[in-house]
Amino acid sequence: MNALPIDPALAWESLPALFDGLGVTVFLTVLPLLIGLALAFPICFARMSPRRALALPAEIFVVFFRGAPLLILLYLVYYGLGQIEALRNGPFWIVFGSPFGCAIVALSLNHAAYMVEVLRGSLLAVPHGIVEASEALGITRRNIFLWVRMPLALRYGLKAYQNEVVSFVKGTAIVSVVTITDLMAVANSIFEQTYDPFTPILCAAAFYWAFVNLIRVGFTFWGRWLGRHTAEDAPVALPGRQGLGGLAGRVKVTP
Amino acid sequence: MSARAHAPDLAPEPAILLEQVVKRYGAHRALAGVDLQVRRGERLVICGPSGSGKSTLIRCINALERHDAGRIVVNGIALTNDEGTVQDIRQEVGMVFQHFNLFPHLTALENCMLAPRLNRGLSKAQAEKLAMAHLERVHLADQARKYPARLSGGQQQRVAIARALCMEPRILLFDEPTSALDPEMVKEVLGVIEELAASGVTMICVTHEMGFARRVADRCVFMDRGEIVEEGDAAGFFEAPESERLRHFLAQILR
Chain A
1 MNALPIDPAL AWESLPALFD GLGVTVFLTV LPLLIGLALA FPICFARMSP
51 RRALALPAEI FVVFFRGAPL LILLYLVYYG LGQIEALRNG PFWIVFGSPF
101 GCAIVALSLN HAAYMVEVLR GSLLAVPHGI VEASEALGIT RRNIFLWVRM
151 PLALRYGLKA YQNEVVSFVK GTAIVSVVTI TDLMAVANSI FEQTYDPFTP
201 ILCAAAFYWA FVNLIRVGFT FWGRWLGRHT AEDAPVALPG RQGLGGLAGR
251 VKVTP
Chain B
1 MSARAHAPDL APEPAILLEQ VVKRYGAHRA LAGVDLQVRR GERLVICGPS
51 GSGKSTLIRC INALERHDAG RIVVNGIALT NDEGTVQDIR QEVGMVFQHF
101 NLFPHLTALE NCMLAPRLNR GLSKAQAEKL AMAHLERVHL ADQARKYPAR
151 LSGGQQQRVA IARALCMEPR ILLFDEPTSA LDPEMVKEVL GVIEELAASG
201 VTMICVTHEM GFARRVADRC VFMDRGEIVE EGDAAGFFEA PESERLRHFL
251 AQILR
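Residue numbers (UniProt numbering), protein chains in the order written: chain A, 1 to 255; chain B, 1 to 255.
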C-alpha cells in the first residue's frame, strides 16, 4: 500500500462514472428545489392565513414532512405506495413506478416543508411599517407582495435559504437506497468492485464539496447584489460596476 | 360650515368628514366618538398627549386602521369595508409616517416611482420625470440615486414626502413627521411641509411642533383620551386655552 490513502490511477479511471453520478445528483437537486419552492409558496400563504381551515392543514403538512426522516419518507413512497393496487393501475404510476419519480416526490415534499418555514420567517421579518406605507400609497396587496414584501423577504431569508439548499444537496445522497445511481451510489459501487474504500469515497466527497461550494459562491454574489442598497450608492454613477446587475439598466440619470 | 371658503365654486362637501367615529382595541376605546370636519385646502394640526388617539384618528382616515362605528367620508367617498372603496380613498390621500418607512431596497428615485408605476400605469420615463419633479420640490434632486440607508433622517423624511406627493393626493396626512428626527433636521422637514401648506393641499398634521402649528395651521385640535377636547385657530389655541386639560398639556410640552 502506498503512502497516499487514494490510488490516483483508480481515481482517474473512475472520473467518467463519477461525473455521470454527479449529473444525477445535480438533477435530483435542481428539480426538487424548484418543485419544493413552488409548493412552498401556496402552503406558506395557507400557513399564514388567519383562517384556521387553511392554516391548520398547512401546519400539519409542515410538522409531518419536516419531522419525517427523509430516508423513511423515501422508503414509504418507493416501497409503500407500490402496495396500493389502485395507484399501480392509475395514471400516477408513471411517477411512482420509477425510483426517480419517487425520489423527486419525496425530496420535493421534504424541501417544501422546510421552505414553508424559511419563507414564513422571512416574510414576517419585513417591517410592518413598510407594508403600511405601501398600503397608504394605494398599492394593491398583490403588488405589495411582488414589489415590497417578497424582495425584502428574499434579502432577510437568503442565508437561511442557502443553509437549506446546501444541506439539501448532501441529503440527496440517500437516493442510492432506491437503486438510483447518483454520485454516492457510483462511489459505493466502485468501492464494492475494488475493495478500496478511500479512493471512490474521497473522490465523491470532493465532488460534493465542489458542488456545494459552487452554490455557496453563487449565493455570495446573489447576496452581494441584493444587499447593494446597504453597501453603497446606486451602481449607476460608477461605470465600472454596471456589470453587477439589473439596477444599472433600470434607472437613468436625468440631470 | 365655515364662511372661510376661498372660492365660491368649491364643492360644498368637506374634504374629510368624521361623524361619531369609534375605534376600539379590545376594551380600550382609542377613539370615543369623534366628530371632525376638514374643509378643502384647510391645514389642520392635531396635538395631544401620547395615547390620546391622534395617530389612530388619522390612520382611520386612510383605513390603515378600520373604525368600529361612525362614518368617515373622504372627498365624497364613504369609507366602508369594501376593498375598492379603500383603494379609491388611498389614491386621494397621501401619508407621511413618523419613521419614514421608505423601501430600503429602492433608491430615493425608485421609492417615488413605485406607486405611480403600479397604480397609475405610468411608463418608466413618465414616472421618473414625475419623481424627479417632486424630489426637486423637497430639494433632494441631487440625492435621487441614493438608497435610504445613505440618507440622513431629514433627507429620508423628505423623500417620504416626495413619495407621497408623486401620487398627487388631494389630502396629506402627517403622523408626527419630525418626532423621530434629530433636532437639527427638524427644520428642513418642517420647511418642506410649510412650502406644501402654501400650495393649497388639504393637510392634517399630528405634531407637537407648536411654532410650526402657529405658522401653518388654520385650525388646531387638541385630543385627549380618544376625544376632541378643544379646537380653535392657532393663535387663540396657544394663547388662551379654554380647557384645563389643554392648559395642562401645553404646560407639559412648553416647559
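Hints in this document: simulated from the structure, not taken from any laboratory.
Do not take every clue at face value.
Far from chain B, by Cβ distances over 10 angstroms, these chain A residues were calculated [claimed, not checked]:
1. 37
2. 72
3. 75
4. 84
5. 93
6. 133
7. 143
8. 147
9. 148
10. 178
11. 214
12. 226
Only some residues are given here: those of chain B computed to face chain A with a beta carbon under 7 angstroms [unchecked claim]:
13. 99
14. 118
15. 120
16. 121
17. 123
18. 126
19. 152
20. 153
21. 238
22. 243
23. 251
Here are the computed distance ranges between Cβ atoms for each label pair [as the list claims (entries may be wrong)]:
24. B/29 to A/87: 40 to 46 angstroms
25. A/30 to B/77: 37 to 43 angstroms
26. B/125 to A/224: 44 to 50 angstroms
Since the structure is predicted, the reported quantities are computational estimates derived from the model, not experimental observations.
A virtual CB, placed ideally from N, CA and C, is assigned to each residue, including glycine.
So, going through the hints one by one against the coordinates:
| no. | hint | verdict |
| --- | --- | --- |
| 1 | 37 | 21 angstroms, holds |
| 2 | 72 | 41 angstroms, holds |
| 3 | 75 | 44 angstroms, holds |
| 4 | 84 | 45 angstroms, holds |
| 5 | 93 | 45 angstroms, holds |
| 6 | 133 | 4 angstroms, violated |
| 7 | 143 | 5 angstroms, violated |
| 8 | 147 | 6 angstroms, violated |
| 9 | 148 | 6 angstroms, violated |
| 10 | 178 | 43 angstroms, holds |
| 11 | 214 | 26 angstroms, holds |
| 12 | 226 | 8 angstroms, violated |
| 13 | 99 | 6 angstroms, holds |
| 14 | 118 | 5 angstroms, holds |
| 15 | 120 | 9 angstroms, violated |
| 16 | 121 | 12 angstroms, violated |
| 17 | 123 | 13 angstroms, violated |
| 18 | 126 | 12 angstroms, violated |
| 19 | 152 | 14 angstroms, violated |
| 20 | 153 | 15 angstroms, violated |
| 21 | 238 | 30 angstroms, violated |
| 22 | 243 | 32 angstroms, violated |
| 23 | 251 | 32 angstroms, violated |
| 24 | B/29 to A/87: 40 to 46 angstroms | 59 angstroms, violated |
| 25 | A/30 to B/77: 37 to 43 angstroms | 50 angstroms, violated |
| 26 | B/125 to A/224: 44 to 50 angstroms | 29 angstroms, violated |
Consistency with the previously given hints fails for numbers 6, 7, 8, 9, 12, 15, 16, 17, 18, 19, 20, 21, 22, 23, 24, 25 and 26, ordered from lowest to highest.
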